[in-house]
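Residue numbers (this note's numbering), protein chains in the order written: chain A, 734 to 1054; chain B, 734 to 1054.
Take the hints with a grain of salt, since some may be wrong.
Which copy is meant is left open, because identical chains are indistinguishable; a pair holds if it fits in one copy or across any two.
Taking lysine to any residue pairs in the SDA-like style, the calculated list, with each CA pair at most 20 Å apart, reads [unchecked claim]:
| no. | residue 1 | residue 2 |
| --- | --- | --- |
| 1 | K838 | R1036 |
| 2 | K890 | P878 |
| 3 | K890 | R856 |
| 4 | K952 | A899 |
| 5 | K838 | L773 |
| 6 | K797 | T877 |
| 7 | K1031 | H833 |
| 8 | K838 | R815 |
| 9 | K838 | Q756 |
| 10 | K1031 | A990 |
| 11 | K797 | E946 |
| 12 | K838 | Q812 |
| 13 | K838 | W775 |
| 14 | K797 | S883 |
| 15 | K1031 | A851 |
| 16 | K952 | A841 |
| 17 | K890 | L773 |
| 18 | K838 | R816 |
| 19 | K838 | R1013 |
| 20 | K860 | E842 |
| 21 | K838 | E898 |
| 22 | K860 | G818 |
| 23 | K797 | D909 |
| 24 | K838 | M734 |
| 25 | K890 | E872 |
| 26 | K797 | R1013 |
| 27 | K1031 | W775 |
Treat the hints as calculated values from the structure; they're not laboratory data.
Here are the chains, one letter per residue:
There are 2 protein chains.
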Amino acid sequence: MRRLIVVLTGGTGGAKFVDGLRQVVPQEELTLIVNTGDDLDWWGLWVSPDLDSITYVLAGVLSKERGWGVTEETFHCLQTMRRMGQPTWFQVGDRDLAMHLTRTKLLAEGNTLTRATAEIAVRLGVKARILPMSDAHVETRILTPLGELSFEEYFVKRRFQDPVEAVLFAGAEEVDPSPEILRAIREANAVLLAPSNPVTSIGPILAVPGIREALRETKSIVAAISPIVGGAPITGPAGVLMESQGWPVSVGGVAQAYRDFLDVLVIDHHDAAVADELRRTGLQVHCTNTIMSSSEEKVALARAALDAASSASNWPAAESA
Amino acid sequence: MRRLIVVLTGGTGGAKFVDGLRQVVPQEELTLIVNTGDDLDWWGLWVSPDLDSITYVLAGVLSKERGWGVTEETFHCLQTMRRMGQPTWFQVGDRDLAMHLTRTKLLAEGNTLTRATAEIAVRLGVKARILPMSDAHVETRILTPLGELSFEEYFVKRRFQDPVEAVLFAGAEEVDPSPEILRAIREANAVLLAPSNPVTSIGPILAVPGIREALRETKSIVAAISPIVGGAPITGPAGVLMESQGWPVSVGGVAQAYRDFLDVLVIDHHDAAVADELRRTGLQVHCTNTIMSSSEEKVALARAALDAASSASNWPAAESA
């Protein structure tokens, strides 16, 4: 019988985790709920960084060197845009442009983002189901002493150097989650939260009305993989962003971010000392290597996460394929 | 004193002629009035094939091998668009995309096509003034037994294999010529019609209300270079298109297309036998080599055209720079 494994994901940590997962689980069993809070209008095109990365990783063409965009990429258009006096701080490759042109065209033709994403995924041979967190535009805004920045302005243009005063998800109150997302969470055999930034990768998904409630109500085990190891994020600005939410930068802080719906937390061996303390809060805790520095480690973490979710229920972790 | 040389142009013949001209005349003295009847919405971008070619040739980056697009081009986005299931019969290179993205963005921001064209030209170091024939959309439509085709559908997609029943310039009646165009024609020291297709390259320009009248009324000499040599076009579908207008496919047919405003016709030595016959209609006729198969021949034709216009008036053909 086919299983349904639902993954909430965003950012480079999420893409790496999904890279492991696709080698362990038949793609047909995977449903990815993807952050779109980073989406931006770039050169007039609708760019959706996390949808792009997840689509590319499932198509087997994500650049492993960069962690974003496609392999064997060139940047000739970008170089010419610089001559044209256009902004170039957000780097779009020549092959990558086809993604943004196609998405923009499909949206202009009246398709929803969910439909456009599915259409592109099919074209690239992706068998998993990729669901944007919402068809409406919810934009992550980072409040800094410089003023309000979009996520990519904060992250790429300013290289996350600014103090973070607050994080907003503009428009989130007014949107609806797609029925596909609510159904997937309800019917899942396991829900996994990728080791993504809890504030700006998973946070926007949880800000869509209905999704957090669905996670609380699902009968499925909900398991998260901590992006925090030894009191610091593996990469990126998760630390300062978690602090902006009043959460400790620790596996405990991750548990706190997801406290109302989390069953299982997968943490790194480095944090084994606090496992018992976390267990006393009612959480199931699994220790493993969570630093994905090789393809083997990605696969191993995916297996460990599936095992952790499986051992917490009577759900079959073994591959059905 | 700076001269003002106005050139009506379109197509690959026009681009080759302008390539010669820019080597003979300081760019500051050149005003190009460019066909935009071939403009198309391609992948959601505003592509203007003749504006692009003229801009590229004046920037010194037009591909001489292809006659369109830029030198040292790659087509990685196009290849990916094919995977995406998008149409790829109109070939857009990666560097060329920057032109279309920038134009589309400038237009979306509320700029006129004239303004957007000028902005892009400045960025690419072009000193000549490039004026689209109109800021409004006039679309060349080719009526064939298959139905109505856009020019690029007829020319590129169908490789001009279809019989031509008629040629329409959709929207032409309602548009206004830009004041810059009317002033340039009025104040020109010389007006040159490039050896472009008289029907679908020069024809759309002449269909814009006011331009034909301005050519009739200007005190400047108006000189055309015939794109027809020995009863046939050098390349492309000018023959069948001229026939569709009831014009002979000959230098005489070219003279007929421009009869109401033309002072001077530059024809190829091959057609020297009919020069006297043409002169009897009141036209001044100059014979030279009009086939531009090398850079030297382009320069020589530009000089010959300038000399022909000059000798018909007291206007200085010598370079002022």
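Hint-by-hint comparison with the structure:
1. K838 <-> R1036: neither (38 Å within a copy, 46 Å between copies)
2. K890 <-> P878: within (15 Å within a copy, 54 Å between copies)
3. K890 <-> R856: neither (31 Å within a copy, 23 Å between copies)
4. K952 <-> A899: Neither way: K952 and A899 sit 33 Å apart in one copy and 68 Å across, limit 20 Å.
5. K838 <-> L773: For K838 and L773, the Cα distance is within 20 Å both inside one copy (15 Å) and across copies (14 Å).
6. K797 <-> T877: neither (31 Å within a copy, 51 Å between copies)
7. K1031 <-> H833: neither (28 Å within a copy, 40 Å between copies)
8. K838 <-> R815: For K838 and R815, only the inter-copy Cα distance (14 Å) is at most 20 Å; the intra-copy one is 24 Å.
9. K838 <-> Q756: Neither. Shortest intra-copy (32 Å) and inter-copy (41 Å) distances fail the 20 Å Cα cut-off.
10. K1031 <-> A990: neither (24 Å within a copy, 71 Å between copies)
11. K797 <-> E946: Answer is neither; intra-copy 35 Å and inter-copy 62 Å both fail.
12. K838 <-> Q812: For K838 and Q812, only the inter-copy Cα distance (17 Å) is at most 20 Å; the intra-copy one is 23 Å.
13. K838 <-> W775: Answer is both: 14 Å inside a copy and 10 Å across each meet the 20 Å cutoff.
14. K797 <-> S883: For K797 and S883, neither the intra-copy (25 Å) nor the inter-copy (43 Å) Cα distance is at most 20 Å.
15. K1031 <-> A851: Classified as neither; 25 Å inside a copy, 52 Å across copies.
16. K952 <-> A841: neither (38 Å within a copy, 49 Å between copies)
17. K890 <-> L773: within (13 Å within a copy, 34 Å between copies)
18. K838 <-> R816: Answer is between; shortest inter-copy Cα gap is 15 Å, intra-copy 25 Å.
19. K838 <-> R1013: neither (52 Å within a copy, 57 Å between copies)
20. K860 <-> E842: neither (24 Å within a copy, 39 Å between copies)
21. K838 <-> E898: neither (36 Å within a copy, 33 Å between copies)
22. K860 <-> G818: Result: close only across copies, 17 Å inter versus 40 Å intra.
23. K797 <-> D909: Neither: 34 Å inside a chain and 54 Å across chains, both beyond 20 Å.
24. K838 <-> M734: Neither: 37 Å inside a chain and 50 Å across chains, both beyond 20 Å.
25. K890 <-> E872: within (17 Å within a copy, 41 Å between copies)
26. K797 <-> R1013: For K797 and R1013, the Cα distance exceeds 20 Å both inside one copy (39 Å) and across copies (74 Å).
27. K1031 <-> W775: neither (31 Å within a copy, 40 Å between copies)
Figure legend: structure checked against the earlier numbered hints; hints not met, in rising order: 1, 3, 4, 6, 7, 9, 10, 11, 14, 15, 16, 19, 20, 21, 23, 24, 26 and 27.
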